[in-house]
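Number of protein chains: 4
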Amino acid sequence: MTADAEVLSFRPSAEQFVWTFGGAAPMARIRPGSVLEVFTEDCFAGRVRSKDDLVSQVCDFPFLNPQTGPFYVEGAEPGDTLAVHFVSIEPARDWAASSTVPLFGALTSTTATATLQPPLPERVWIWQLDRERRTCLFNAADSDLRVELPMDPMHGTVGVAPANLEVRSALVPDAHGGNMDTPEMRAGVTCYLGVNVEGAMFSLGDGHARQGEGETCGVAVETAMNSVVIVDLIKGQPTPWPRLESDTYVMSTGSARPLEDAFRIAQLDLVRWVARDSGLSELDAYQLLTQTVESPLANVCDVNYTSVAKVRKDFLPPRTSGYGVHERLRAQAERYLSEH
Amino acid sequence: MTADAEVLSFRPSAEQFVWTFGGAAPMARIRPGSVLEVFTEDCFAGRVRSKDDLVSQVCDFPFLNPQTGPFYVEGAEPGDTLAVHFVSIEPARDWAASSTVPLFGALTSTTATATLQPPLPERVWIWQLDRERRTCLFNAADSDLRVELPMDPMHGTVGVAPANLEVRSALVPDAHGGNMDTPEMRAGVTCYLGVNVEGAMFSLGDGHARQGEGETCGVAVETAMNSVVIVDLIKGQPTPWPRLESDTYVMSTGSARPLEDAFRIAQLDLVRWVARDSGLSELDAYQLLTQTVESPLANVCDVNYTSVAKVRKDFLPPRTSGYGVHERLRAQAERYLSEH
Amino acid sequence: MTADAEVLSFRPSAEQFVWTFGGAAPMARIRPGSVLEVFTEDCFAGRVRSKDDLVSQVCDFPFLNPQTGPFYVEGAEPGDTLAVHFVSIEPARDWAASSTVPLFGALTSTTATATLQPPLPERVWIWQLDRERRTCLFNAADSDLRVELPMDPMHGTVGVAPANLEVRSALVPDAHGGNMDTPEMRAGVTCYLGVNVEGAMFSLGDGHARQGEGETCGVAVETAMNSVVIVDLIKGQPTPWPRLESDTYVMSTGSARPLEDAFRIAQLDLVRWVARDSGLSELDAYQLLTQTVESPLANVCDVNYTSVAKVRKDFLPPRTSGYGVHERLRAQAERYLSEH
Amino acid sequence: MTADAEVLSFRPSAEQFVWTFGGAAPMARIRPGSVLEVFTEDCFAGRVRSKDDLVSQVCDFPFLNPQTGPFYVEGAEPGDTLAVHFVSIEPARDWAASSTVPLFGALTSTTATATLQPPLPERVWIWQLDRERRTCLFNAADSDLRVELPMDPMHGTVGVAPANLEVRSALVPDAHGGNMDTPEMRAGVTCYLGVNVEGAMFSLGDGHARQGEGETCGVAVETAMNSVVIVDLIKGQPTPWPRLESDTYVMSTGSARPLEDAFRIAQLDLVRWVARDSGLSELDAYQLLTQTVESPLANVCDVNYTSVAKVRKDFLPPRTSGYGVHERLRAQAERYLSEH
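Here the protein sequences come in this chain order: A, B, C and D. Numbering follows the working numbering, in which position 188 of the first sequence is assigned residue number 335; successive positions increment by one, without gaps. Numbering follows the working numbering, in which position 196 of the second sequence is assigned residue number 343; successive positions increment by one, without gaps. Numbering follows the working numbering, in which position 253 of the third sequence is assigned residue number 400; successive positions increment by one, without gaps. Numbering follows the working numbering, in which position 253 of the fourth sequence is assigned residue number 400; successive positions increment by one, without gaps.
What the hints contain is simulated information worked out from the structure, not anything from laboratory work. For clarity, every value in this text was computed on a predicted model and none was experimentally measured. For each residue, glycine too, the CB sits at the ideal point set by N, CA and C. Any given hint might turn out to be false.
Said to hold, decoys possible - A few chain C residues facing chain A, derived, Cβ under 10 Å:
#, residue
1, L201
2, A253
3, L254
4, T255
5, S256
6, T260
7, A261
8, T262
9, L263
10, Q264
11, P265
12, P405
13, E407
14, G426
15, A478
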């Protein structure tokens with residue numbers, strides 16, 4: 148990355164949103180190291196704006212989780228890794244929406260966990276966002292109760308075109324990333340994604356002003372975002388499942404069903420990542436991580452469930468610090484922020 | 148709880164350890180509010196003492212996870228709740244053991260996730276515990292690497308006699324508690340357990356000097372403990388699944404397979420707990436918790452997997468603070484600690 | 148087995164029914180080769196007798212699935228196998244009952260697959276049994292429709308005391324047998340059960356006039372039975388999971404959650420059983436069974452789900468015919484039937 | 148269907164095979180009622196021809212499970228149902244291949260059920276097909292054993308373009324059909340598939356000379372096929388999950404993970420199908436099917452597992468006989484066969 152890094156600002160028109168990973172023509176070509184300043188629409192395509200806007204009535208399936216992108220990254224080829232550093236994720240509105248959705252969510256039967264029961268009632272909550280004080284205000288629907296919570300903005304959906312000739316709905320998380328819905332995807336974090344097709348075809352969307360772990364009801368505090376990311380490329384190094392790195396942690400993700408498989412994928416990936424970078428044998432890494440890993444859930448509601456395995460870098464042997472690019476991207480982000 | 152609370156010290160002889168929840172005669176009868184000062188042996192019954200002590204050779208199945216107890220709590224009846232406050236959990240040795248165990252753990256096939264592959268190699272790690280500096284030292288088996296980690300002592304196994312006339316192995320976590328293996332079970336926390344039989348028949352064991360979330364390889368940093376707990380009784384209030392309360396959090400647990408069911412149980416229990424105590428409707432509590440819950444895994448290796456759902460008390464409406472006994476038990480614990 | 152085999156008739160009084168596997172004193176001691184003529188009560192303990200007898204109101208949890216037994220089999224020790232041959236299973240009444248039960252069954256949320264939805268409505272169906280014509284008559288509750296089906300009597304619950312010092316509810320299927328709920332457990336079949344404790348402690352119950360595969364709503368066509376079984380003992384041969392043998396098939400079972408683990412257990416057990424008896428390598432047996440196995444589900448509603456793996460004996464290499472006792476027990480059964 | 152039904156013969160060239168459902172241009176347009184005479188290549192694209200042709204070496208991922216098609220069915224629109232009647236499925240060769248594949252199959256860890264164990268050994272079995280005697284000859288790899296089995300040809304992969312803008316690998320079964328791998332997909336059966344896109348885009352492949360239920364090792368007796376199907380269209384009637392109908396049975400399928408979800412989907416679909424066609428209430432249909440359904444597994448190895456729920460038509464109320472087209476297609480098939 149050099150001082151002359153490209154900065155690309157992109158705010159899609161209504162027709163430019165994309166609803167899949169794979170299968171869409173690139174919105175732009177960018178060079179590795181470029182800064183993307185993008186607007187992302189909320190998961191409802193902006194159609195849920197009041198308590199009366201029931202998802203089943205106002206949304207137009209499968210046109211959910213609109214993606215900003217895809218961006219063709221020059222030089223990216225299968226076997227490489229895309230490093231996406233989140234410089235900032237800022238709500239573009241002073242409100243956000245959440246809801247129950249029929250046959251969707253963890254505490255309801257669904258189209259897959261199919262039962263004879265009627266679905267849960269459909270309900271919408273409009274949250275107030277105070278961008279100055281960085282808070283989200285919950286208004287209970289059935290009583291006067293209000294609760295103010297810290298804002299903790301994140302992107303639910305971050306990914307590249309999938310492997311195996313597939314095109315996946317933007318609602319799906321899998322090895323290509325996609326709708327992982329982890330609160331770890333916040334500003335200051337670098338996300339590593341294995342490249343499956345030429346150009347990688349990176350896109351993002353589904354901003355959340357905040358979200359609990361598991362996204363239990365299936366829908367977070369959904370809002371449009373103005374986000375800045377740096378997109379870099381690591382040549383010749385594959386990444387089997389999406390990984391994240393913060394100043395403090397390295398993290399692996401797994402997305403699968405049942406949930407124990409998502410857990411296994413993330414834990415095995417972290418064991419192998421740590422073993423490779425630390426010189427520990429796989430069994431030693433298995434032992435060390437068994438005693439140190441944190442295992443927060445990301446989503447237990449989507450087409451695949453997503454589990455995160457994370458470990459503090461200072462619990463690992465020296466020089467086991469991820470891909471060796473996070474610090475550089477972090478510094479580039481700080482330069483960007485100081486200039487804007 | 149009054150100043151004249153009983154203090155019972157109990158260090159089981161080798162013959163006094165118990166290997167089940169339910170089915171064992173009580174070691175002692177205690178009054179609600181009593182302080183128990185107990186010794187617990189490690190999960191291997193103390194038989195793994197060096198790298199050459201392979202579990203499959205030195206342990207005598209099913210005599211694993213020895214329990215200290217059970218204690219008959221006077222006045223406890225089905226429909227009540229036992230409140231167990233952890234005053235202190237201190238390693239009784241300056242070393243601890245961990246290991247792989249054939250066909251046990253998350254990253255191996257098991258007797259249930261049955262495959263034709265040979266099991267992983269069996270290996271033992273002996274950890275050094277520095278009780279002054281409160282650290283655990285990891286010695287890699289296949290290289291010279293050492294890593295020093297903070298000590299964070301906990302009990303893997305805490306429970307009462309189960310319902311439904313059953314007797315369960317001390318290796319099993321379920322609605323009666325048991326082998327939940329959550330790092331949240333540390334000093335300063337109150338654990339709430341629904342009473343299923345007269346006297347509740349409380350026991351505990353399986354101390355860990357520290358453990359990651361999920362206990363991936365199936366075995367934590369296992370050591371004997373000297374622990375102090377206050378056992379109190381809440382009459383007439385049932386608790387469907389084990390719950391925990393710290394100064395900062397209220398937490399529910401679920402133990403089941405597949406892992407998503409453990410998640411569902413814990414989340415639903417927390418939704419209902421918060422709804423009842425806060426006056427929120429169930430759907431409002433579902434929404435609020437979706438945006439605030441933390442969902443760390445406890446174990447993904449035992450007979451049932453255990454998932455934790457926890458939320459900061461200051462994210463909840465005022466006066467939604469658990470059973471109303473934690474603060475009192477916390478104060479009693481501080482008095483005890485100041486006097487001992 | 149010789150001509151002087153004991154014949155024991157046992158009809159439990161109301162107080163003699165047992166509700167667990169393990170933990171109960173034997174009703175009688177029998178010699179290997181004995182014939183047991185027993186009465187078994189239905190799963191509701193006979194309390195559901197009309198459409199108005201809702202399970203949640205008339206039944207007394209956990210007193211469900213009453214067992215006839217346990218029988219102490221002389222000489223049976225851990226490591227042996229009990230061979231239970233079903234001579235006849237005959238409904239003891241001209242009616243049977245089925246029902247929905249709140250939070251129980253495959254097409255409803257349950258206490259484990261926990262959701263915020265209200266349970267399905269509770270409903271009872273009384274079936275007419277025509278023991279002459281060997282039919283079961285279904286009367287629809289919400290319309291005039293009637294359907295006559297063939298009777299195919301079976302026992303849902305057949306087992307021995309479990310291992311690991313445990314006592315399990317009679318509603319649980321596991322390695323000790325128990326509530327497997329497979330329609331394969333019909334007259335003419337031999338069931339092999341691994342012995343876990345001295346005397347084996349065999350019991351049975353939960354007769355079904357007929358049942359589909361999976362027992363989808365959780366409850367079959369439940370009725371009391373007059374059943375005749377021969378209980379034999381195979382010394383020194385362990386059986387890890389319950390197996391069955393008919394004139395045509397050998398079958399393994401697995402009971403676990405998630406359902407794929409039940410499948411894996413049954414399939415792996417059958418691969419190993421066939422490999423051992425046929426001289427095929429495990430990989431060859433894996434290949435042969437992949438192309439020949441039938442995999443009907445037994446139950447997908449109980450505490451553990453049960454999967455069956457069965458293969459026609461004439462698809463296996465010669466002399467791969469189970470334990471070598473089925474033909475003898477079959478002949479003994481025919482002698483018994485011709486004499487009674 | 149009229150006497151002038153189109154007959155289209157299509158044998159794809161090597162370049163014409165397709166590897167996905169969705170995303171491919173049609174090979175031909177056909178009118179409803181047309182007869183398709185097609186050649187399908189085996190799942191290995193014909194590359195495994197001897198015991199030395201290891202899948203990991205000779206196959207070119209993701210170019211597996213080549214599809215013959217897609218065929219654009221004139222007039223087919225979302226909300227319609229395609230009825231595909233299998234007239235004949237005949238092996239095109241006198242041999243077939245099967246194999247283990249690293250990290251694929253039910254009795255091994257996989258990329259999703261991820262463990263630290265090394266994969267099972269890779270092995271190939273070449274089966275001899277005797278098309279006169281209609282047998283498949285198994286040759287054990289590690290001994291001299293041979294077993295002759297009846298031939299029972301079927302197609303593992305039958306489907307249409309998926310919904311939700313997706314393109315799925317031909318290895319995936321889901322609501323669009325695809326790689327369901329059920330032995331029920333044999334000649335004489337009609338398969339009903341919901342149409343998701345204009346023209347439906349039907350294709351098929353993955354012929355098996357025979358297969359057990361569950362396809363345990365992940366690979367059946369794989370061979371090229373000459374197959375004849377009649378493709379008809381039922382306007383205005385949606386089909387949520389693939390259904391099948393034989394002269395004797397109606398059947399629903401579900402494809403999902405965990406396996407209990409696949410079971411739930413198939414059972415719920417059959418309950419609703421029967422309820423709608425019979426006039427039974429849903430609870431009555433639930434009860435009737437609980438006592439009559441057969442629940443054989445299809446595959447427990449693919450990206451989604453597939454479960455079948457089937458019931459004898461003569462166990463259902465009169466006039467509950469599927470879509471009302473099977474008999475007509477069956478007659479058309481017989482006319483075709485008598486003329487060819």
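Tested hints:
no., hint, verdict
1, L201, "violated (18 Å)"
2, A253, "holds (8 Å)"
3, L254, "holds (5 Å)"
4, T255, "holds (5 Å)"
5, S256, "holds (6 Å)"
6, T260, "holds (7 Å)"
7, A261, "holds (7 Å)"
8, T262, "holds (5 Å)"
9, L263, "holds (5 Å)"
10, Q264, "holds (5 Å)"
11, P265, "holds (7 Å)"
12, P405, "holds (5 Å)"
13, E407, "holds (8 Å)"
14, G426, "violated (35 Å)"
15, A478, "violated (46 Å)"
This entry does not satisfy hints 1, 14 and 15, going by the numbered hints stated previously.
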